[in-house]
Amino acid sequence: MVSGKKTKKTHESINNRLALVMKSGKFTLGYKTVLKSLRTSKGKLIIISNNCPPLRKSEIEYYAMLCKVGVHHYNGNNNDLGTACGKYFRVSCLSIIEPGDSDIIKSLPGDH
Amino acid sequence: MVKFLKPNKAVIVLQGRYAGRKGVIVKSFDEGTRDRPYGHCLVAGIKKYPSKVIRKDSRKKTDKKSRVKCFVKLVNYQHLMPTRYTLDVDLKDVVTADALQTKDKKVAACKATKERFQERFKTGKNRWFFTKLRF
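Chains A and B supply the protein sequences, listed in that same order. Once you know that position 57 of the first sequence is 88 in our numbering, the rest is easy, because the numbers rise by one and skip nothing. Once you know that position 78 of the second sequence is 171 in our numbering, the rest is easy, because the numbers rise by one and skip nothing.
Treat each hint with caution, since some may be false.
Cut-off 20 Å, straight-line C-alpha distance, at most; resulting in silico cross-link-like pairs (PhoX-like, lysine-lysine) [as the list claims (entries may be wrong)]:
#1 A:Lys99 to B:Lys199
#2 A:Lys99 to A:Lys137
#3 B:Lys225 to B:Lys120
#4 A:Lys99 to A:Lys54
#5 B:Lys157 to B:Lys141
#6 B:Lys96 to B:Lys218
#7 B:Lys157 to B:Lys204
#8 A:Lys63 to B:Lys96
#9 B:Lys207 to B:Lys140
#10 B:Lys162 to B:Lys204
#11 B:Lys120 to B:Lys166
#12 A:Lys67 to B:Lys120
#13 B:Lys96 to A:Lys67
#14 B:Lys215 to B:Lys166
#15 A:Lys67 to B:Lys225
#16 A:Lys99 to B:Lys204
#17 B:Lys196 to A:Lys73
#18 B:Lys96 to A:Lys73
#19 B:Lys218 to B:Lys157
#20 B:Lys196 to B:Lys207
#21 B:Lys158 to B:Lys140
Example chain A residues on the side facing chain B (calculated, C-beta under 7 Å, incomplete) [claimed, not checked]:
#22 Arg70
#23 Ser72
#24 Cys98
#25 Ile128
#26 Ile136
#27 Lys137
Beta-carbon label-pair distances, calculated as ranges [as the list claims (entries may be wrong)]:
#28 A:Met96 to B:Ile147: 31 to 39 Å
#29 A:His42 to B:Lys145: 49 to 57 Å
#30 B:Lys157 to A:Met96: 47 to 55 Å
#31 B:Asp186 to A:Thr59: 33 to 41 Å
Hint data in this document are derived by calculation from the structure and do not stem from the laboratory. Bear in mind the structure is a predicted one, so any value in this text is a computation, not a measurement. For each residue, glycine too, the CB sits at the ideal point set by N, CA and C.
Please put together the full structure from these sequences, using the hints given.
Structure follows, in C-alpha cells:
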C-alpha cells in the first residue's frame with residue numbers, strides 16, 4: 032500500500048510544484064469551479080485537502096472517475112492547501128487547468 | 094479529461110420538482126444558447142417509476158405495474174448528478190428542443206418516451222435506471 036506517512040521531501044516538492052502552477056499556470060480554487068472544470072473536461076488534476084467533507088470528497092472523486100482525471104489527496108487541511116497556493120484563505124479543493132511550467136501533472140497522478 | 098455529459102448518459106436530477114428522479118441526456122448544449130447562456134441539456138426522465146412486478150401477477154396486473162410516467166426538461170448541468178450508467182434508448186427523433194415550445198408538443202414527446210421506456214423496462218435491461226433512488 033502507499034506509505035502511511037508522506038515523507039517531508041515529497042511534500043515539499045508538491046508545494047513547490049503547486050507554487051509554480053500558481054505562478055505560471057491556470058487553476059481554479061473551490062468546489063463549484065472544480066466541478067465546472069470537470070464537467071467541461073478542462074481540469075487536468077484535482078487536489079483535495081484532507082479535511083474536505085467526505086460526501087464532497089466522494090462527489091469530486093466520482094466526477095473525476097467519469098472524466099478520467101487524477102485526484103490527489105493533499106497531505107494537509109484546507110488552511111495548509113490555501114497557504115501552499117499562496118492565498119490568505121482556506122482552499123478545500125482546487126483544479127489545475129494548465130500546469131504552465133510545472134510538471135505536477137506528470138509527477139503526481141501515479142499517486143492517487 | 095473525457096467529456097461525460099453526452100447523450101445517453103444516465104443522470105439524476107438534483108433540483109426542482111423532479112429532484113431525485115433518474116433521467117437520460119438526450120441532447121446536450123455545452124456552450125448554452127442565447128436564452129440559456131450556461132451549459133445545459135435536454136433530459137428525458139421518469140416522473141413515476143414502475144412498480145415491482147412479481148411472477149404470479151396476471152397479465153393485466155403486470156401491464157398496470159409496468160407503467161412509467163415521463164418528463165422532458167431542459168436542465169442546467171449544475172442541477173444534475175452524472176452517473177456511470179448509460180441508457181441507449183433512441184429518443185433523438187422524439188425529444189427535441191422545439192418539443193418544449195408548446196404544451197401539446199411536450200405531451201406528445203412525453204407519450205412517445207413513455208412508450209420507449211416501458212418497452213425497455215419490460216425487457217428487464219437497465220434495471221438500475223428503473224428503480225427508484227432511495228434517499
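We went through each hint and held it up to the structure:
Our distance criterion of 20 Å between C-alpha atoms is broken by Lys99 (chain A) and Lys199 (chain B), whose separation comes to about 36 Å. Of the pairs offered as hints, the one joining Lys99 (chain A) and Lys137 (chain A) holds, with about 15 Å between alpha carbons and a cut-off of 20 Å not exceeded. Between Lys225 (chain B) and Lys120 (chain B), the direct Cα distance comes to roughly 23 Å. Violation of the 20 Å bound is thereby established for this hinted pair. For a cut-off of 20 Å, the pair hint linking Lys99 (chain A) to Lys54 (chain A) is broken: about 26 Å separates their Cα positions.
Note on Lys157 (chain B) and Lys141 (chain B): the hinted pairing holds, with a Cα-Cα distance of about 13 Å set against a maximum of 20 Å. A C-alpha spacing of about 25 Å is found between Lys96 (chain B) and Lys218 (chain B), which places the hinted pair above 20 Å, so the restraint is violated. A C-alpha spacing of about 16 Å is found between Lys157 (chain B) and Lys204 (chain B), which places the hinted pair at or below 20 Å, so the restraint holds. Only pairs whose Cα atoms come within 20 Å are accepted, and Lys63 (chain A) paired with Lys96 (chain B) is accepted, the gap being roughly 18 Å.
Note on Lys207 (chain B) and Lys140 (chain B): the hinted pairing holds, with a Cα-Cα distance of about 10 Å set against a maximum of 20 Å. Simply put, Lys162 (chain B) and Lys204 (chain B) have alpha-carbon atoms about 8 Å apart, close enough for the 20 Å limit, and the pair holds. At roughly 11 Å between alpha-carbon atoms, Lys120 (chain B) and Lys166 (chain B) fall within 20 Å of each other, so this suggested pair holds. Under the criterion of a C-alpha separation no larger than 20 Å, the hint pairing Lys67 (chain A) with Lys120 (chain B) is consistent with the structure, at around 19 Å.
Proposed proximity of Lys96 (chain B) and Lys67 (chain A) is supported: the alpha carbons are some 12 Å apart, at most 20 Å. Of the supplied pair hints, the one linking Lys215 (chain B) and Lys166 (chain B) is violated, its CA atoms being roughly 24 Å apart against a limit of 20 Å. Taken as a hint, the Lys67 (chain A) and Lys225 (chain B) pair is broken in the structure, with Cα atoms around 27 Å apart against an allowance of 20 Å. For the given pair, Lys99 (chain A) sits about 36 Å from Lys204 (chain B) by alpha-carbon distance, which is inconsistent with the 20 Å threshold.
Between Lys196 (chain B) and Lys73 (chain A), the direct Cα distance comes to roughly 37 Å. Violation of the 20 Å bound is thereby established for this hinted pair. Pair hint Lys96 (chain B) plus Lys73 (chain A) holds up; C-alpha atoms about 9 Å apart against a cutoff of 20 Å. Simply put, Lys218 (chain B) and Lys157 (chain B) have alpha-carbon atoms about 19 Å apart, close enough for the 20 Å limit, and the pair holds. Restraint check for Lys196 (chain B) and Lys207 (chain B): the C-alpha separation of about 16 Å stays at or below 20 Å, so the hint holds.
Among the hinted pairs, Lys158 (chain B) with Lys140 (chain B) is consistent with the structure: their alpha-carbon atoms are about 14 Å apart, no more than 20 Å. Satisfaction of the interface hint for Arg70 (chain A) is found here, the shortest Cβ-Cβ separation to chain B being roughly 5 Å, below the 7 Å cut-off. A distance limit of 7 Å between C-beta atoms decides the matter here; for Ser72 (chain A) the minimum to chain B is near 5 Å, and the interface restraint holds. About 6 Å separates the beta-carbon of Cys98 (chain A) from the nearest beta-carbon of chain B, less than 7 Å, and the hint is met.
Hint status for Ile128 (chain A): violated, given a least beta-carbon distance of 11 Å to chain B, over 7 Å. Interface restraint check: Ile136 (chain A) against chain B, minimum CB-CB distance 10 Å, threshold 7 Å, status violated. Against a cut-off of 7 Å between C-beta atoms, the interface hint on Lys137 (chain A) is violated, since the closest Cβ of chain B lies about 14 Å away. Evaluation of the 31 to 39 Å hint for Met96 (chain A) and Ile147 (chain B) yields a pass: the beta carbon distance comes to about 35 Å.
The beta-carbon spacing between His42 (chain A) and Lys145 (chain B), approximately 52 Å, falls within the hinted interval of 49 to 57 Å. About 39 Å separates the C-beta atoms of Lys157 (chain B) and Met96 (chain A), a value inconsistent with the hinted range of 47 to 55 Å. Between Asp186 (chain B) and Thr59 (chain A) the C-beta distance comes to about 38 Å, which sits within the given range of 33 to 41 Å.
Comparing the model with each numbered hint stated earlier shows that hints 1, 3, 4, 6, 14, 15, 16, 17, 25, 26, 27, 30 do not hold.
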